[in-house]
Amino acid sequence: MTHKIVVDNVYKIFGPHPDKALKLIDQGHTNEQIMQKTGSAVGVAGVSFTVDEGEILVVMGLSGSGKSTLVRCINRLIEPTVGKVEVDGVDVTQLSTVELMRFRQKHFGMVFQNFALFPHRTVLQNVAYGLEIQKVDPGAMRERSMQALTQVGLKGWEDSYPAQLSGGMQQRVGLARALALDADIMLMDEAFSALDPLIRRDMQDELLELQERVKKTIVFISHDLDEAIKIGDRIVLMKDGRVVQVGTAEEILTNPANDYVARFVEEVDMSKVMTAESVMVKPSALAYFKSDGPRAALRKMQKAGISSIFVRRDGKIIGMVTADDAAKAIKDNARDLQSILITDIQTVRPATPAIELFPILAGINYPLAVLDDNDHLLGVIIKGSLLAGLAEGLQTGGNS
Amino acid sequence: MEQFKIPIGRGIEAVINFFVDHFSFATKAFAGVTENGINLLVSAMMFFPPWALILIFTAISWLLTRNRGITIFTMAGMALIWNLGLWDPTVSTIALVIIATLFSIMIGVPLGIFAALNGVFYRIVMPVLDLMQTMPAFVYLIPAIPFFGLGPVAAIFATVIFSMPPAIRLTCLGIKQVPQELVEAADAFGSTKWQKLFKLQLPISAPTMMAGVNQTIMLALSMVVIAAMIGARGLGGEVWRAIQRLEADRGFEAGLGIVIVAIILDRIMQKLGSRAKKQ
Numbered sequence: 001m002t003h004k005i006v007v008d009n010v011y012k013i014f015g016p017h018p019d020k021a022l023k024l025i026d027q028g029h030t031n032e033q034i035m036q037k038t039g040s041a042v043g044v045a046g047v048s049f050t051v052d053e054g055e056i057l058v059v060m061g062l063s064g065s066g067k068s069t070l071v072r073c074i075n076r077l078i079e080p081t082v083g084k085v086e087v088d089g090v091d092v093t094q095l096s097t098v099e100l101m102r103f104r105q106k107h108f109g110m111v112f113q114n115f116a117l118f119p120h121r122t123v124l125q126n127v128a129y130g131l132e133i134q135k136v137d138p139g140a141m142r143e144r145s146m147q148a149l150t151q152v153g154l155k156g157w158e159d160s161y162p163a164q165l166s167g168g169m170q171q172r173v174g175l176a177r178a179l180a181l182d183a184d185i186m187l188m189d190e191a192f193s194a195l196d197p198l199i200r201r202d203m204q205d206e207l208l209e210l211q212e213r214v215k216k217t218i219v220f221i222s223h224d225l226d227e228a229i230k231i232g233d234r235i236v237l238m239k240d241g242r243v244v245q246v247g248t249a250e251e252i253l254t255n256p257a258n259d260y261v262a263r264f265v266e267e268v269d270m271s272k273v274m275t276a277e278s279v280m281v282k283p284s285a286l287a288y289f290k291s292d293g294p295r296a297a298l299r300k301m302q303k304a305g306i307s308s309i310f311v312r313r314d315g316k317i318i319g320m321v322t323a324d325d326a327a328k329a330i331k332d333n334a335r336d337l338q339s340i341l342i343t344d345i346q347t348v349r350p351a352t353p354a355i356e357l358f359p360i361l362a363g364i365n366y367p368l369a370v371l372d373d374n375d376h377l378l379g380v381i382i383k384g385s386l387l388a389g390l391a392e393g394l395q396t397g398g399n400s
Numbered sequence: 001m002e003q004f005k006i007p008i009g010r011g012i013e014a015v016i017n018f019f020v021d022h023f024s025f026a027t028k029a030f031a032g033v034t035e036n037g038i039n040l041l042v043s044a045m046m047f048f049p050p051w052a053l054i055l056i057f058t059a060i061s062w063l064l065t066r067n068r069g070i071t072i073f074t075m076a077g078m079a080l081i082w083n084l085g086l087w088d089p090t091v092s093t094i095a096l097v098i099i100a101t102l103f104s105i106m107i108g109v110p111l112g113i114f115a116a117l118n119g120v121f122y123r124i125v126m127p128v129l130d131l132m133q134t135m136p137a138f139v140y141l142i143p144a145i146p147f148f149g150l151g152p153v154a155a156i157f158a159t160v161i162f163s164m165p166p167a168i169r170l171t172c173l174g175i176k177q178v179p180q181e182l183v184e185a186a187d188a189f190g191s192t193k194w195q196k197l198f199k200l201q202l203p204i205s206a207p208t209m210m211a212g213v214n215q216t217i218m219l220a221l222s223m224v225v226i227a228a229m230i231g232a233r234g235l236g237g238e239v240w241r242a243i244q245r246l247e248a249d250r251g252f253e254a255g256l257g258i259v260i261v262a263i264i265l266d267r268i269m270q271k272l273g274s275r276a277k278k279q
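Those protein sequence lines, which keep their order, are chains A and B.
Residue numbering for the first sequence follows the numbering used here, beginning at 1 and increasing consecutively.
Residue numbering for the second sequence follows the numbering used here, beginning at 1 and increasing consecutively.
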């Protein structure tokens with residue numbers, strides 16, 4: 001089977017003396033030594049890997065590991081110093097400026113960490129950008145852009161401007177912009193890293209769902225091992241511009257290539273790494289102290305099928321109300337929630353380890369609120385979701 | 001020390017003389033064409049009776065700004081000018097400013113774009129702009145005469161030199177301020193340089209460019225007044241005459257006319273700029 005993308009021994013040196021730096025890399029000097037001797041920074045050093053058609057390859061590493069530079073070497077937003085990048089057997093590094101432009105139009109859709117949407121264009125015009133510069137006729141352009149917007153669930157927002165959208169929605173536009181092109185490769189540079197944890201998880205799920213239908217070849221950059229494990233068919237682990245290990249999540253977790261990888265992997269050890277943040281779910285309803293009385297609160301609980309509801313005032317969670325109390329309050333003709341508000345509730349921070357959640361949950365019979373430092377509600381934990389989250393984590397993370 | 005004076009002045013004079021000797025036929029021909037243009041614009045504006053022109057200007061200011069205050073000021077200010085008997089010089093001042101600004105923008109905006117996209121040109125042009133802006137404005141009047149002859153075209157030449165720097169500078173600044181990640185996104189989708197320029201860089205830098213155009217207009221207005229010394233007509237001419245005859249009353253009235261024209265142009269342009277920003 002031929003590979004869709006072949007990255008062959010690619011180097012990228014930033015700075016004045018690439019030749020000297022290359023020689024020093026060969027002699028096994030570290031990046032700091034090379035920086036001291038030549039004033040050049042090593043972005044990527046001798047990276048080789050392949051990507052198969054329809055595969056999601058996650059390039060993962062900490063910041064400064066050269067992963068963003070690497071993905072830009074594939075479509076030559078950054079010119080590799082030496083090395084070859086082949087797409088469908090065509091050596092991208094040999095293309096002339098004009099050929100490269102055409103090649104990008106045809107093969108690469110790209111999604112950026114900070115969305116990089118054009119602020120002066122509407123959502124639809126943003127999505128249509130790639131088609132517009134290919135001079136696709138307006139009718140087809142509109143149709144294909146609307147189709148891409150529908151795919152990411154943003155139908156009805158086409159005439160808004162990016163600034164009017166939330167972060168998650170903006171990145172959907174970014175995704176649609178890349179999808180509309182019908183390019184066969186998607187380069188996603190930390191596409192979900194700027195999003196809130198819950199939205200990030202939704203977007204990951206949606207990407208996987210979308211991939212079932214569109215079957216693109218995806219190179220996904222991430223600094224988050226959980227994300228890499230979740231969406232990557234295979235993972236390329238990078239450090240200091242070099243590849244440390246390539247393999248499936250399973251292979252990397254069970255068979256780390258060296259200490260560095262092992263230490264990384266340790267971090268996904270379930271009991272230690274699952275946190276409140278990774279097992280929380282969206283609250284199905286919230287009561288607002290200022291506007292909701294007992295009736296409204298009860299109705300919200302009935303609709304959502306829950307027996308207690310958290311109460312919010314000025315963006316902060318101030319307590320909760322149970323269905324029983326609300327029903328009583330209605331009988332007593334109470335107008336607000338003040339009399340039945342239970343302020344003494346258990347809360348945790350997003351970084352609380354999952355293992356510590358069990359004893360807390362055992363002692364209460366209502367959900368546990370996950371609050372950030374400003375008492376904003378990030379999510380809730382119910383017994384069921386904690387177990388489900390752990391089970392899911394054990395499935396993907398495996399060995400321990 | 002002085003016997004070894006470095007002949008900067010003489011050198012510049014030699015260069016100017018050379019150009020005058022060899023190219024003045026071209027500049028004079030250009031002067032003829034431009035002068036016809038100015039006359040055409042002036043007589044077109046003079047074709048209307050003052051009250052009609054005032055209404056036209058008022059309507060334009062309403063259409064451009066949708067601001068009641070600015071519109072009323074335009075009407076009242078111009079009516080006052082008419083009442084002071086400064087109508088004809090005001091019309092020719094406005095004509096000079098319009099033409100000089102058009103030239104400045106036509107030359108300045110492309111230069112600004114080029115400076116933003118080309119590092120070498122940027123490093124050359126910035127010190128030149130500093131020089132152009134610090135040099136006393138009167139100096140530009142001197143070489144203008146041998147090239148274009150005494151009169152409004154020489155005035156426009158000096159005005160364009162004096163008022164062009166902000167157009168170049170702010171166009172360049174606006175384009176450089178376009179976030180790098182947006183430029184990268186445009187590149188990633190395979191845009192040509194021109195597509196990037198017209199679909200991304202120019203629209204996003206529009207508010208900054210409008211600020212540059214506003215400054216250009218203000219500088220043009222102030223220079224058109226100074227250029228009265230070499231035969232530009234208009235409100236500057238009135239001021240110049242008042243100085244020579246020591247007529248404080250006439251001088252103040254003409255000065256007031258200039259202030260009114262300046263405020264009208266400035267407010268309209270500012271409104272346009274902030275509207276561009278909103279988009």
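In short, the hints are calculated from the structure, not lab data.
Glycine is no exception: its CB is placed at the ideal position from the N, C-alpha and C atoms.
Please note that a few of the clues may not be correct.
Below 25 Å or equal to it, Euclidean Cα-Cα: the simulated SDA-like pairs (lysine to any residue) are [stated by the list, open to error]: (1) K155/A / F103/A; (2) K383/A / I364/A; (3) K300/A / P283/A; (4) K316/A / E266/A; (5) K199/B / D332/A; (6) K239/A / H17/A; (7) K199/B / D159/A; (8) K196/B / K316/A; (9) K28/B / E13/B; (10) K199/B / D344/A; (11) K383/A / D344/A; (12) K196/B / T347/A; (13) K196/B / K239/A; (14) K199/B / T347/A; (15) K176/B / I133/A; (16) K193/B / T122/A.
Derived coverage of chain B by chain A (criterion: at least 3 residues anywhere in the stretch with Cβ under 8 Å from a Cβ of chain A; other residues may be distant) [to be verified]: (17) 171-184; (18) 190-199.
Here is how each hint holds up against the structure:
Note on K155/A and F103/A: the hinted pairing is violated, with a Cα-Cα distance of about 29 Å set against a maximum of 25 Å. Among the hinted pairs, K383/A with I364/A is consistent with the structure: their alpha-carbon atoms are about 10 Å apart, no more than 25 Å. For the given pair, K300/A sits about 12 Å from P283/A by alpha-carbon distance, which is consistent with the 25 Å threshold. A threshold of 25 Å between alpha carbons decides the hint, and for K316/A with E266/A the separation of about 35 Å lies outside it, so the pair is violated.
A threshold of 25 Å between alpha carbons decides the hint, and for K199/B with D332/A the separation of about 64 Å lies outside it, so the pair is violated. Under the criterion of a C-alpha separation no larger than 25 Å, the hint pairing K239/A with H17/A is consistent with the structure, at around 22 Å. In summary, the hint linking K199/B to D159/A is supported, as the alpha carbons are separated by about 18 Å, within the 25 Å threshold. Simply put, K196/B and K316/A have alpha-carbon atoms about 45 Å apart, too far for the 25 Å limit, and the pair is violated.
Restraint check for K28/B and E13/B: satisfied, since their Cα atoms lie roughly 19 Å apart, inside the 25 Å limit. With a CA separation close to 56 Å, the supplied pair K199/B and D344/A exceeds the 25 Å bound. Simply put, K383/A and D344/A have alpha-carbon atoms about 19 Å apart, close enough for the 25 Å limit, and the pair holds. Note on K196/B and T347/A: the hinted pairing is violated, with a Cα-Cα distance of about 50 Å set against a maximum of 25 Å.
Note on K196/B and K239/A: the hinted pairing is violated, with a Cα-Cα distance of about 34 Å set against a maximum of 25 Å. For the hint pairing K199/B with T347/A, the CA-to-CA distance comes to about 50 Å; that exceeds 25 Å, so the pair is violated. Proposed proximity of K176/B and I133/A is supported: the alpha carbons are some 22 Å apart, at most 25 Å. Only pairs whose Cα atoms come within 25 Å are accepted, and K193/B paired with T122/A is accepted, the gap being roughly 22 Å.
With 4 residues having a Cβ less than 8 Å from any Cβ of chain A, the stretch 171-184 of chain B passes the three-residue criterion, so the hint holds. Under the rule that three or more residues need a Cβ within less than 8 Å of chain A, the assignment of the stretch 190-199 of chain B holds, with 5 such residues.
Violation of the numbered hints given earlier is confined to hints 1, 4, 5, 8, 10, 12, 13 and 14; the remaining hints are satisfied by the structure.
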